[in-house]
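S.K.: Using the sequences and the hints given, assemble the complete structure.
In terms of UniProt numbering, the sequence shown opens at residue 1 and continues consecutively.
Listed next, the in silico EDC-like pairs over lysine to aspartate or glutamate satisfying Cα-Cα at most 16 Å (straight line):
| hint | residue 1 | residue 2 |
| --- | --- | --- |
| 1 | Lys418 | Asp350 |
| 2 | Lys164 | Asp432 |
| 3 | Lys300 | Asp323 |
| 4 | Lys312 | Asp192 |
| 5 | Lys358 | Asp171 |
| 6 | Lys291 | Asp323 |
| 7 | Lys92 | Asp102 |
| 8 | Lys300 | Asp238 |
| 9 | Lys209 | Asp238 |
| 10 | Lys299 | Asp238 |
| 11 | Lys99 | Asp109 |
Okay, the calculated beta carbon distance ranges per label pair:
| hint | residue 1 | residue 2 | range |
| --- | --- | --- | --- |
| 12 | Ser59 | Arg83 | 28 to 38 Å |
| 13 | Leu251 | Arg131 | 43 to 53 Å |
| 14 | Thr433 | His274 | 18 to 28 Å |
| 15 | Lys136 | Pro434 | 45 to 55 Å |
| 16 | Val282 | Thr361 | 37 to 47 Å |
| 17 | His274 | Asp353 | 30 to 40 Å |
| 18 | Leu457 | Val282 | 49 to 59 Å |
In short, the hints are calculated from the structure, not lab data. No experiment lies behind these values; they were computed from the predicted model shown. Ideal Cβ positions, reconstructed from N, Cα and C, are used throughout, including at glycine.
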Amino acid sequence: MSATTGTLTAMSLKAPTSVQSDLDLDGLERAIALLAEKPKLQHFASISTENQKLRAENSQLRNDEQAIIRKLGQVVYDLEQNRCTLKDCEEKLKDTTKKNQDLAAKLQDANKELGERHNQLNKVHDEMETRVQSVKRELDKEHAELQRLHSFTVDLIPMMSNIKQITSTLDSIWSSALTLAETWHGIDLPPDILDGFHTGPGVNLREHKVVAKIPLPPLNTAAAKQMRAAAFLAVLYDELRQHLFHPTYLLKHSGELDYIMGNLGEIDAAAESHLRSVLLAVSSKTNSLAKVGLAETVKKNVLDCFEELVTKEQRHMFRSDIDKFCKKTSHLWEFVQQLDTRIEAYHEVDEKDSTDWKPLTLKSTTSTRPPTSTASASSPTNKPRTNGAPVQASLNNKKQNNATSQLAVDTAEASFLKPVMIWPSFFGDNEDTPTLSCGYFLTASHIATAMREERDLESPAAHHHRGVRQQTRKSRTLSFAGGSPTKSQSNSNGSFLSAQGGGGQKGS
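M.R.: This is the structure:
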């Protein structure tokens with residue numbers, strides 16, 4: 001034991017060299033191994049083993065320490081970085097806190113101002129609510145007053161959206177009047193009426209102011225019948241114009257009122273429409289009675305002029321047709337009165353304007369040639385001549401030449417005459433409104449032919465021939481022995497309301 005220890009001590013005291021070190025270590029290990037084999041020194045082996053473990057653990061601890069030191073350094077570095085970051089954040093936080101404080105102060109000021117404004121708005125709202133209630137009460141009051149004033153007017157009909165109906169209304173009045181004219185005055189008159197035309201039946205007609213320019217020869221020629229029909233239409237329109245064709249029926253004699261409203265319409269059409277709506281409402285209660293009375297006046301005045309030109313057997317039917325026409329026209333004119341735009345009648349004839357003006361042509365009298373011009377058509381020029389044929393042919397040629405010369409004279413005379421308005425054209429008092437219904441007139445040639453026939457009757461020779469013709473007519477009338485043509489004609493007459501296209505027997 002002491003020897004071994006001494007060996008170890010000696011070995012440990014030797015100066016180590018590189019080779020010696022290895023040898024010493026080997027010897028040391030052998031010595032230790034020998035010592036370890038001895039029972040008394042086995043606890044040294046455990047110490048050595050424990051020492052090895054401790055060295056290994058110590059080495060591991062040193063490694064762990066180095067790792068911890070490295071981690072600790074990283075932590076310290078991170079802490080330093082975080083400290084800097086925290087410092088920056090603290091600065092930013094201070095700035096943000098200051099800004100927040102400033103914003104909070106501004107918000108407080110804004111809230112204070114908002115509260116003040118809110119109070120002001122509440123005050124204004126209360127004031128406005130009070131004013132609204134006041135205005136609403138005034139509005140209700142004004143609305144009630146407006147309704148009261150509106151009750152004094154009638155609702156007018158817009159013209160531009162009812163052009164078709166207006167045209168139809170005016171054309172219906174004209175077509176009914178034309179049917180009356182053709183039915184009752186575009187026909188042959190019996191001899192007794194023709195004979196006393198200048199002294200009896202035709203006196204009232206000739207005295208009517210609108211007939212002054214219309215010649216009325218007491219004949220049954222096409223021209224004479226056309227003149228009588230034209231005179232009927234002219235008189236009928238004149239009576240309608242005077243009595244029925246008015247904006248309102250408030251006054252019995254409304255000429256001055258019509259004049260005032262016409263002038264007002266030219267200055268302010270809207271004011272005229274409003275005034276007319278007021279007058280129509282005012283006269284609505286008495287309008288029906290006034291309309292009936294005015295229609296009766298038209299009927300009476302027309303019958304005064306034309307009733308005696310109708311046979312006694314047919315006068316009842318003639319009166320009935322005139323009565324129906326006047327009632328129908330007065331009813332149709334109510335629609336015209338309620339238009340929001342005034343309707344005007346134009347009386348100046350313009351022959352070149354074929355849209356607004358048309359010459360009067362009757363279905364029963366389509367020719368204005370004098371009756372003598374038909375002689376050539378009825379002469380037997382195509383028959384074999386007898387001993388008297390040259391004389392007859394000479395007479396026919398003479399009549400034809402006379403007719404030709406008469407036409408030339410009529411044409412020349414017509415150049416100095418003006419057309420005569422029979423029925424006006426109607427248009428709205430608005431530049432955008434088209435012609436609502438065209439007018440009709442007698443051409444100068446129509447008038448010239450009738451004037452020539454009238455002059456022919458005034459010559460002595462004409463009176464002689466007229467007496468012969470009248471005697472012939474009377475003998476023809478008596479030869480019917482009860483089969484009166486006037487009775488037949490009366491049976492064929494139809495009401496102008498039920499047969500707008502015409503009716504009744506028409507002479508040619």
